[in-house]
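Asks: Construct the complete structure from the given sequences, taking the supplied hints into account.
If you read the sequences in order, they're chains A and B.
Per our numbering, numbering through the first sequence is continuous, rising by one, with the last residue being 269.
Per our numbering, numbering through the second sequence is continuous, rising by one, with the last residue being 1634.
Worth flagging that the hints you see were computed from the coordinates, not collected in a lab.
Glycine included, C-beta positions come from ideal geometry on N, C-alpha and C.
Be aware that a few hints might be false.
For lysine to any residue, the following SDA-like pairs were computed, each having C-alpha atoms within a straight-line distance of at most 25 angstroms [stated by the list, open to error]: (1) K1593(B) to A83(A); (2) K214(A) to P1573(B); (3) K1617(B) to S86(A); (4) K1634(B) to M1559(B); (5) K221(A) to A83(A).
Have a look at the derived ranges for each label pair, beta carbon to beta carbon [stated by the list, open to error]: (6) F1508(B) to V94(A): 27 to 33 angstroms; (7) K245(A) to A1562(B): 52 to 58 angstroms; (8) Y1478(B) to N146(A): 51 to 57 angstroms; (9) Q82(A) to V1544(B): 29 to 35 angstroms; (10) E1601(B) to S237(A): 48 to 54 angstroms.
Now for the letters of each chain:
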Amino acid sequence: MRSLNSIQIGRTTRRARFAFLAAGILTFALAGAVSAQHRISLSGDIQAKISYCKDCHGVSAQGFNGYYPIPRLAGQQPEYIENQLRAFIEHRRTNNIMFNVAHSLSPAMINTLTAHFASLNPPPIGGAPRQLVATGRKIFEDGMPEVNIAACAACHGPEATGSGQIPRLAGQLYPYMIKTLSNWDKERGRNPTVPDAAAIMSPVAHSLNKSQIEAVAAFVSTLRSPRGTPNTVQ
Amino acid sequence: MRGNRLKAAVLIAFCWICHPAASDAEVLAVRNCNWCHGGSASGYPPAPALAAQRPQYVAKQLANFRTHTRDNPFSRQYMWGAARNLDADSVRNLALYFASLPPRAASDGVPSLVGLGQTIYQQGMPEANIVACVVCHGPNGEGVRDIPRLGGLDSTYLKRRLEQWNEGYHAAAGPPMISIASKLSDDQIEALASYLSFVK
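Replies: In structure tokens form, the structure reads like this:
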């Protein structure tokens, strides 16, 4: 009787152990499946978000001339994009559409998006008057010391690829460049409690007249990335 | 025979009086358009209004009909033939003529859907990856260059066009509308079409 009992107990224990082990394996397997599913849905989310960005900014993020000019993001400095997205949220930069867009992005998404856009290198979409390019190049490379304007190249780089929070201008849309430089203080550096790099450009934008703005815009809008791949700063 | 000649003479005289600057041939071309697109080209569903439409858009669409790039059923049935024999001058003149006519809103949408339609059009729905139409089509749906005016078009046309992007029909050779429209639900399309039909 005792021995039968002990056998039964032994069987029960073994069954219990087996059940425990099986449950454990199942748990791990399920956890694995769930996390794999989570990864898939995350990457699905990010693909959908990239497609969403490109619906306006162009299939290769080359920019698009809509009713309003939509800037090129291809080859843009990741740190610049990240800072601008925060600028929309912090009311440093005014744009109702991008204010809403920025709110829909998580920090992880922003990292993936900025890395993706930095890796793209389509040719500029063009459209600027060619006769302005030479004047624009001179202003960009030499500045205008007589009116206290430094060479754009000093900060934006000789190939206009930018660095960190300073944006790449190479290949940027001609009308977008004109709009931005003409409206600098209405669009940028709008939150006095959160001063940012926009303050650096403010006096420059003010000192440039309309034809000088058009010339610089025309020049940078024609620039291709020099080495075939965008110059990204990690 | 005599009756037809008389009708033609009356028609030409009538059109000549209405548009003294245009040549007879142009007037007849406009008349042909208006049979379907309505008096003053203000739309006669399912044919959309052409009044105040962007001239570059009209010219581009006529080219798309000729090359069969725009291939939805009504385009095949009516516009492929209508555009086939138009030369470059006629296309330009028609486009400029329609652009010169004043817009008139169809206002035939469902009023209760206007709020949702306005939200999607003016702000988009970033969480659902739906872009704001205003960025390209303008604050009053007026369009620009070859981006069409949408404001005031009839809701039947707008609804079908938005649906057709996702049904494999094409109105343009390239992006971005296929990608944009494929993200819209039936309800959102209905709301956008309703809102836009009231926009002046």
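Asks: Please go over all the hints and tell whether each is borne out by the structure.
Replies: Comparing the hints with the structure gives:
no.	hint	result
1	K1593(B) to A83(A)	24 angstroms, holds
2	K214(A) to P1573(B)	17 angstroms, holds
3	K1617(B) to S86(A)	10 angstroms, holds
4	K1634(B) to M1559(B)	23 angstroms, holds
5	K221(A) to A83(A)	32 angstroms, violated
6	F1508(B) to V94(A): 27 to 33 angstroms	28 angstroms, holds
7	K245(A) to A1562(B): 52 to 58 angstroms	40 angstroms, violated
8	Y1478(B) to N146(A): 51 to 57 angstroms	53 angstroms, holds
9	Q82(A) to V1544(B): 29 to 35 angstroms	34 angstroms, holds
10	E1601(B) to S237(A): 48 to 54 angstroms	50 angstroms, holds
Going through the hint list in order, the structure does not satisfy hints 5 and 7.
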